[in-house]
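Protein chains: 2
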Amino acid sequence: AAPHDGAAAAAPFPLAELRLQRVLRESARDKAVFLHGEVTGPSGEGTDAVIILEKTPFQEEKLSDLLKKHVKLELQMRNDIYSTYHLYPPPELSEIKTTVVFPATEKHIQKYLRQDVHLVRETWEDYTQITLPFIQSQSFSVQWVYNILEKKAEADRIVHENPDPCDGFVLVPDFKWNQNQLDDLYLIALVRRRDLKSLRDLTAEHLPLLRNILREGEEAVTKRFGIAPSRLRVYLHYQPSYYHLHVHFTALGYEAPGSGVERAHLLADVIDNLAADPAFYQKRALTFALRADEPLFHKFREAGRA
Amino acid sequence: AAPHDGAAAAAPFPLAELRLQRVLRESARDKAVFLHGEVTGPSGEGTDAVIILEKTPFQEEKLSDLLKKHVKLELQMRNDIYSTYHLYPPPELSEIKTTVVFPATEKHIQKYLRQDVHLVRETWEDYTQITLPFIQSQSFSVQWVYNILEKKAEADRIVHENPDPCDGFVLVPDFKWNQNQLDDLYLIALVRRRDLKSLRDLTAEHLPLLRNILREGEEAVTKRFGIAPSRLRVYLHYQPSYYHLHVHFTALGYEAPGSGVERAHLLADVIDNLAADPAFYQKRALTFALRADEPLFHKFREAGRA
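The listed protein sequences derive, respectively, from chains A and B. Heads up: the first sequence is residues 2 to 307, going by our numbering. Heads up: the second sequence is residues 2 to 307, going by our numbering.
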């Protein structure tokens, strides 16, 4: 087992012993904050951690409690029929979703660090000459994906699976969703085959796989969560954050991060594009945003393409 | 003084006595919820109230306390170097911003009432048989657009114009942008010709117009506001909110409403689609979201297409 799978696995991460190094990023809109911290081990050596704190959406069934059981209510402002207060709820009603990456590498820390963002319009030539060599040189680990596919992790979280080795997939809740409310429903379909990195690898050959994901994924979400297909946004990211093909399922009412036009590609459009032109994604330019500190952005800049 | 300015003004609103009628709307992303409640007066009569609860952004100076002083920390999931927890903070670290409208009228309640939103996937046949007849039957006024084009309004706000009657356009700040900061920069390019309703009318014939908008619009924004093209999201809406062809220019860092994949179409993609297939938008299905109370949604439903 890896070092972090030892004693730590039995107990929660020692949050209280974390030394806060800096705030990597915050989102006032999302009520989230990304932190870089350090934990000192028994022999005095420091290990980096990334901690993400995010306040959770309100749960409908707990709203009455929230109104009645608050610890304190302070009037802040009153004007005509409008007034504002600070309400302080008891701990059991103010859960914070906490995500820990430990041990974290410099790459994890950079991933969450706030940076200027630039659009790149990647032609197929850019892909083959800049992006693909870059992806191949990085060897990002997707072990956590293989753990799910092999049922070594999260087996109890699987919402649906199609076992076909070529056209099959596994549908699981995304890490970002705490599953307490449907408003921010977020699932991920991970394809079983391991040779598809991204949208750029897709051809008409993959239409059966993509149609399985769309149809079975929508059916599974309706069956398990009672959400109709017309209330789901089903899409791929380009660039993805990891290069094992996956599809995002989010509640339509939830403006999920990464659902913007500069990153998301509706699966229904991808299917139609491939049906109209089997080599669509080996021909066409694709736009995406890169942070100024990302190595891939430097590659585009070096090539005079950003 | 109005009744609500009496005794209530001295004390906080009696939240605990509020009877929760229903949830009007919730935003999982913003961690906010809009409630309709009723307060029973001394003589037994009920008075409506709207209550808005919104979790607050993290305060940097309180982060260390949050990590150290939590009441409880529950492990939810562990996979490789990633783990997620539920963290329960003490009340003083979990303030909720509470806004009360009291007494509230029916209009206040309607204002906050959410409507279900559904995706529609519109084929070309749907467009000609459902959407186009609907648009034509509505005769939406775009007089305000003509006022700008004829310089009867907002003439002093024009950022750039190309006077060509066929391939020209006017670039103006959008109403939603107050022009006080560049973070949420938002401009609109309005085409001069009056025969283009939406994306659905575009063919290869319009490529010169579209290329003018993209190139000259980006140049004008760089010149006037110092924002490089790589930091701009340039796109059309489908469905648009008015049927006179226009293009949105927003700051990339600003997640503008309507910039999601279910409504926005990057102008660069539109140009490439038309260059590859002059009749792209007269062939392909387009996805968009409609609120359940919108007349167009009823038309799709009547036709069995939603």
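There's no promise every hint is true.
If several chains are the same, the list does not tell them apart, and a pair holds so long as it fits within one copy or across any two.
In silico DMTMM-like links for lysine to aspartate or glutamate, alpha-carbon gap of 20 Å or less [unchecked claim]:
(1) K224 x D184
(2) K284 x D185
(3) K152 x E18
(4) K152 x E206
(5) K63 x E27
(6) K108 x D165
(7) K108 x E295
(8) K284 x E93
(9) K69 x E39
(10) K70 x E18
(11) K198 x D184
(12) K284 x E96
(13) K177 x D81
(14) K153 x E206
(15) K198 x E55
(16) K112 x D81
(17) K152 x D175
(18) K98 x E27
(19) K69 x E155
(20) K73 x E18
Just so you know, these hints were derived from the structure itself, not from any lab.
Results of checking the hints against the structure:
| no. | hint | verdict |
| --- | --- | --- |
| 1 | K224 x D184 | within (16 Å within a copy, 42 Å between copies) |
| 2 | K284 x D185 | neither (35 Å within a copy, 33 Å between copies) |
| 3 | K152 x E18 | neither (32 Å within a copy, 50 Å between copies) |
| 4 | K152 x E206 | neither (27 Å within a copy, 54 Å between copies) |
| 5 | K63 x E27 | between (27 Å within a copy, 14 Å between copies) |
| 6 | K108 x D165 | neither (34 Å within a copy, 50 Å between copies) |
| 7 | K108 x E295 | within (10 Å within a copy, 46 Å between copies) |
| 8 | K284 x E93 | neither (53 Å within a copy, 54 Å between copies) |
| 9 | K69 x E39 | between (39 Å within a copy, 14 Å between copies) |
| 10 | K70 x E18 | between (31 Å within a copy, 11 Å between copies) |
| 11 | K198 x D184 | neither (30 Å within a copy, 34 Å between copies) |
| 12 | K284 x E96 | neither (47 Å within a copy, 49 Å between copies) |
| 13 | K177 x D81 | between (40 Å within a copy, 16 Å between copies) |
| 14 | K153 x E206 | neither (29 Å within a copy, 56 Å between copies) |
| 15 | K198 x E55 | neither (29 Å within a copy, 39 Å between copies) |
| 16 | K112 x D81 | between (46 Å within a copy, 18 Å between copies) |
| 17 | K152 x D175 | within (16 Å within a copy, 51 Å between copies) |
| 18 | K98 x E27 | both (14 Å within a copy, 18 Å between copies) |
| 19 | K69 x E155 | neither (37 Å within a copy, 29 Å between copies) |
| 20 | K73 x E18 | between (29 Å within a copy, 15 Å between copies) |
Hints 2, 3, 4, 6, 8, 11, 12, 14, 15 and 19 from the earlier list are contradicted by this structure; the remaining hints agree with it.
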